[in-house]
Each structure stands twice: as C-alpha cells, then as structure tokens.
Amino acid sequence: MIKMQQVSKIYPNGVTALREVNLTINQGEFVYIVGPSGAGKSTFMKMMYREERPTSGSFLFKGIEVGKLKNRQIPELRRQIGVIFQDFKLLPSLTVYENVAFALEVVGEDQSQIRKKVLEVLDLVKLKHKERNYPDELSGGEQQRISIARAIVNRPSLVIADEPTGNLDPDTAWEIMEVFEEIYRRGTTVVMATHNRDIVNKMRHRVLAIDGGKIVRDEEKGMYGYEV
Amino acid sequence: MKFNGFRHLREGAKGLVRNGWMTFASVSAVTVTLLLVGIFAMVMFNVNKISDNVEKDVEIQVFVERESDQAKIDAVGKNLEQMPGVKSVRYSSKEDELDRFKEQLGEGSQAYQSVEKDNPLHDRYIVKATSPNETETIATTVKKMENIDSVEYGEDYVEKMFNFLEGVRIGGIILIVGLTFMAMFLISNTIKVTIFSRRREIEIMRLVGAKNGFIRAPFFIEGLLMGILGALIPIAVVYFGYEVTYNALQPQLVSLNASIFTLIPPGELSVQVSVILLALGAFIGVWGSTTSLGRFLKI
Numbered sequence: 001m002i003k004m005q006q007v008s009k010i011y012p013n014g015v016t017a018l019r020e021v022n023l024t025i026n027q028g029e030f031v032y033i034v035g036p037s038g039a040g041k042s043t044f045m046k047m048m049y050r051e052e053r054p055t056s057g058s059f060l061f062k063g064i065e066v067g068k069l070k071n072r073q074i075p076e077l078r079r080q081i082g083v084i085f086q087d088f089k090l091l092p093s094l095t096v097y098e099n100v101a102f103a104l105e106v107v108g109e110d111q112s113q114i115r116k117k118v119l120e121v122l123d124l125v126k127l128k129h130k131e132r133n134y135p136d137e138l139s140g141g142e143q144q145r146i147s148i149a150r151a152i153v154n155r156p157s158l159v160i161a162d163e164p165t166g167n168l169d170p171d172t173a174w175e176i177m178e179v180f181e182e183i184y185r186r187g188t189t190v191v192m193a194t195h196n197r198d199i200v201n202k203m204r205h206r207v208l209a210i211d212g213g214k215i216v217r218d219e220e221k222g223m224y225g226y227e228v
Numbered sequence: 001m002k003f004n005g006f007r008h009l010r011e012g013a014k015g016l017v018r019n020g021w022m023t024f025a026s027v028s029a030v031t032v033t034l035l036l037v038g039i040f041a042m043v044m045f046n047v048n049k050i051s052d053n054v055e056k057d058v059e060i061q062v063f064v065e066r067e068s069d070q071a072k073i074d075a076v077g078k079n080l081e082q083m084p085g086v087k088s089v090r091y092s093s094k095e096d097e098l099d100r101f102k103e104q105l106g107e108g109s110q111a112y113q114s115v116e117k118d119n120p121l122h123d124r125y126i127v128k129a130t131s132p133n134e135t136e137t138i139a140t141t142v143k144k145m146e147n148i149d150s151v152e153y154g155e156d157y158v159e160k161m162f163n164f165l166e167g168v169r170i171g172g173i174i175l176i177v178g179l180t181f182m183a184m185f186l187i188s189n190t191i192k193v194t195i196f197s198r199r200r201e202i203e204i205m206r207l208v209g210a211k212n213g214f215i216r217a218p219f220f221i222e223g224l225l226m227g228i229l230g231a232l233i234p235i236a237v238v239y240f241g242y243e244v245t246y247n248a249l250q251p252q253l254v255s256l257n258a259s260i261f262t263l264i265p266p267g268e269l270s271v272q273v274s275v276i277l278l279a280l281g282a283f284i285g286v287w288g289s290t291t292s293l294g295r296f297l298k299i
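One line per chain: the protein sequences are A and B, in this order.
In terms of the numbering used here, the first sequence opens at residue 1 and continues consecutively.
In terms of the numbering used here, the second sequence opens at residue 1 and continues consecutively.
If you are wondering where the hints come from, they were derived from the structure by calculation, not from laboratory data.
Bear in mind the structure is a predicted one, so any value in this text is a computation, not a measurement.
Don't take each hint at face value.
[Stated by the list, open to error] Calculated lysine-lysine pairs in the DSS-like style (CA-CA distance at most 27 Å, straight line): (1) K192/B / K89/A; (2) K70/A / K192/B; (3) K144/B / K78/B; (4) K192/B / K46/A; (5) K128/B / K94/B; (6) K89/A / K14/B.
[Claimed, not checked] Just a few of them, taken from the derived set where beta-carbon distance is under 10 Å, the chain B residues facing chain A: (7) N4; (8) V47; (9) K49; (10) R200; (11) E201; (12) M205; (13) G209; (14) K211; (15) N212; (16) I215.
Where a beta carbon is used, it is the ideal one built from N, C-alpha and C, also for glycine.
All chains should be modelled from the sequences, with the hints used to inform the complete structure.
Spelled out as structure tokens, the structure:
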C-alpha cells in the first residue's frame, strides 16, 4: 500500500526531517511509529496524507506517486485516508452527529447515505446515544472516539493517527486502542505514532522506530524499546 | 456530485452575520464608492448629452465687411445659402445688431450716443451646418470668400467646456478608483477574518478531502454578497434620486428656453446605471475575497 524509496525531507530552513528512508507497509497492517520528539515522526505522518512532499525519493500510495500529485488531485487522495490527532480537532459548534456528518457533507455525499453511515460509525465507537451532544459535554476519551468516527466514516483504506492517546489517561487510552483494534480487524491499515510504551508493548504489532530522520528499527510484533 | 449552492449561500451568509461590524464597514465602503460612481455616471451621461447638443448647435457667425453695400451683402447671403453642408442662413443687419447691443447695454447709457452716429457693427449672417463635423470646413471656406470681415464659431467656447469636463472626468475617475480599492481592501480584510475564525473547519475540510472549490465557495459568496448589499442603496438613490432631480430641474431648464440644456429622461438610463452599479459591486466583492483566499487559504 505504501512504498517509500530513498525518501528524504529537508525543510526550507535547512532542517533534515527524514534521511533516505526505505519502507513498505502492506494493506491491512497495523504499524506503530515510535521515537523521540523531533525524530521525524510527524513529517513521516504528514507525508502520508500529502501535507508535506518529499524533497527527494519516491513515495507511492497504492501505486500513485504522492509527491507528484497536483493540488486538485489531493482531495481524492485524502478521501482514502482518515487522519486522527492528539487534540481531536472537533468543531465545538456542531453536535456529535454533525461533526461526523461534516466529513461526508463536504465531500458531497447524499443526505440519506450520510445518515446511514454516521449512525453505523457512531455505533462502532459506542457513542450512538450521544449523537445530540456537543463535544464540550463529552469526556476526552469520548471526544477522541468521535474524531475516530469522523476519520473512518468515509471508509478509508488507511487510518493515520498522530499520538491519539497523548491527551488521555491510561484507562481511556486503552478504550481508544480497542477502537483501533476493531478498525484493524475490519481490514483497514492503521499507522499510529505514539509515545505510549505500555500500549506498544502489550498490544503487539509491527514497530517502526525513527530517530534522527532514519528508521533505526523495524520489527514485527516489536516492543517500544530494546530495554524491555 | 450534488448541487451545493444552498449550502455555500448559507455558509456565506453566516460569515456576514458572524463578522457583523466588519461586514458593515465593508458594505458601507462599497456603498459610498458606488454612490459616487452612480451620481458621477448620471452627471456624466447628462453632461455628455448636453455637450453633444452644444456641439450640434454650434453656429457660424459670418461678419460682412463694413464697407460693403447692400448688393454685396446680399451676394454673400446667396453664396452662403448655396454652400454644401449648410442647413440654414439667418441675416441680421447692422441696425438689428445695434438694437440688440442697445438692449444689452440698457437704454440711456452714455456709450451708445456716439455709436448711433457711426454704427461700428457689422452685418451678420448666422449659418448653421447640417452636421457638427461640417462646421469647421464651412468656416474656413467662408473666410476665403470676398467681402468677409471675419468668421467665428464656438470653437473657444466648446473647447473650454470640453477641457473643463475632461478635468471633472479625470478627477472623478481617480476618486472612484481610489475608493474602489479601499472597498476591496476592506472586503478582503473581512474575508481574512472569516477565514481565520473558520480555520479549524477549513483544516478539517482539507483533511477529509473536500475539493478546493468547495472550501472556497462560501468565502467567494460572502464577498459577492457584501458587494451586492453595498450596491443596494446606491441603486435606490440613482433610481429614485434621478427621477426627483429630473422632475425638479427639467421644468426650469425648459423655461430657460435653451433647447440644448435638456436632461436625459429617467427610465432606461436609471436601469442601465443600476445594472452597472450592481455589476461593479459584485466585482468589487468577488475580487476582494479572491485576493484574501489566495493569500490566506493556501489551497
């Protein structure tokens, strides 16, 4: 699904975020991206949904050279990718239902389809009963589940999560991880950047460790670090 | 792809309300600009018509040499009448001229006592051309004819008037262009604020793959609406104001008995200027918002 060859990213200010990264992620994989802050994790994530372009090298998503996409082709790419952030990015003036429906409305989905898909996905994250509430009335974990619901409502084949449990207490983090497991079980590729050692070590998946812009470790069912 | 017009319209209108005071300032700027444009256009159209009338109405004054006897004077008249391009020839003898002169000076004036003994005035023919373009040709030809003292036509007067009008026109255009830019700047600023207040929404729209046109549309419409709202008052003023002005001025101009000073009747002109104002308002709004979109939306 994702194939990176000799991908480098150098920002205009001279900072090198990624150095000649080679990597393949297959359809249906669950991948943790771990590494210290500033190691290049965020750049790596952003490149996947084409917020950043590689400075050099080849980045293929489903065989498409993402770096060479024209601006008007980006929306098509992003409809195949769901993105989840640490800070949820919900719209406070919209209800839970409206927040999730928003993602479908702005890509021109039919009203009847929207209703069906939104309820389906709210059911998946177990928040159907809160559809009329506003984000402020929900706990952090619930808000993150809403943002996950929004990311997957368009049935993307790839879900990218940038520290989705970063703002949550350990118990809530586990609840969120259950949701990601469910998404993964349904065949969606999940790429998650995280600092949560506990989760990586207990919920075993492929681990990519990035440091200094390079992939320093790539292990199936790996651990957060070597030391454990 | 379904039709999103109503959604964009709703979102655009929401932006207007959300930025209340900034919207008000932008719309006011457009209003002031278009008000000036409207009044200016009305004045200009009328002035153009009047100067057109004046141009058409220019008469050539042919002054016959004072020494000429009546036979020569009549001969001049005949020649003039036979010239191509001449529409009409009117004769005014030096006695007629003197009477007119006295009338202008007022009875009992010291000045004309001496004048009466030896009339210094010329016999005069007033020649009208069939078209204004002929005026100059006729004037130069007549100058070369025998027994002609001098030929005059309203060149100075017309030229002065045109120079004055040109000045008014240039000044007006500069003012309007300046105001137009100010209005566009204010609109682009308002749009900037809307973009800023909705940056989160925009971010999410981009992330979930909304098309760029879809993201832009509400801002585009917000600018368009501001421009159109700004055009409403000027259109009303032009439409009703001109009718009132026309009804007030036209009788007086008619009583002046100067047929060249007639105004253009309201109706068609008001409609034309209204359409121009609406189009200009929309243009200002769209341009103002587009500059902001390009700079702050980064899509």
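Here's how the hints hold up against the structure:
Annotation: proposed proximity of K192/B to K89/A holds, straight-line Cα distance about 21 Å (limit 27 Å). With a CA separation close to 25 Å, the supplied pair K70/A and K192/B stays within the 27 Å bound. Distance hint between K144/B and K78/B is fulfilled; the C-alpha atoms sit about 15 Å from each other, no more than 27 Å. The straight-line distance between the Cα atoms of K192/B and K46/A is roughly 26 Å, inside the 27 Å bound, and the hint therefore holds.
A C-alpha spacing of about 20 Å is found between K128/B and K94/B, which places the hinted pair at or below 27 Å, so the restraint holds. For the given pair, K89/A sits about 21 Å from K14/B by alpha-carbon distance, which is consistent with the 27 Å threshold. Taking 10 Å as the C-beta cut-off, the interface hint given for N4/B holds, the closest approach to chain A being about 7 Å. Hint status for V47/B: violated, given a least beta-carbon distance of 50 Å to chain A, over 10 Å.
Residue-level restraint check for K49/B is violated (minimum Cβ-Cβ distance to chain A is 51 Å; threshold 10 Å). The beta carbon of R200/B comes within 6 Å of a beta carbon in chain A, closer than 10 Å, and the hint placing it at the interface holds. The beta carbon of E201/B is positioned within 10 Å of a beta carbon in chain A (closest approach about 6 Å), and the interface hint is therefore held. The beta carbon of M205/B comes within 5 Å of a beta carbon in chain A, closer than 10 Å, and the hint placing it at the interface holds.
With its C-beta approaching chain A no nearer than about 4 Å, G209/B sits inside the 10 Å limit, and its interface hint holds. The criterion of a C-beta within 10 Å of any C-beta in chain A is met by K211/B, whose closest approach is roughly 5 Å, and the hint holds. With a cut of 10 Å, the hint placing N212/B at the interface with chain A holds, because the nearest CB-to-CB distance is about 6 Å. Evaluation of the I215/B hint against chain A yields a held restraint, the C-beta minimum of about 8 Å falling below 10 Å.
When each numbered hint is compared with the structure, violations occur for hints 8 and 9.
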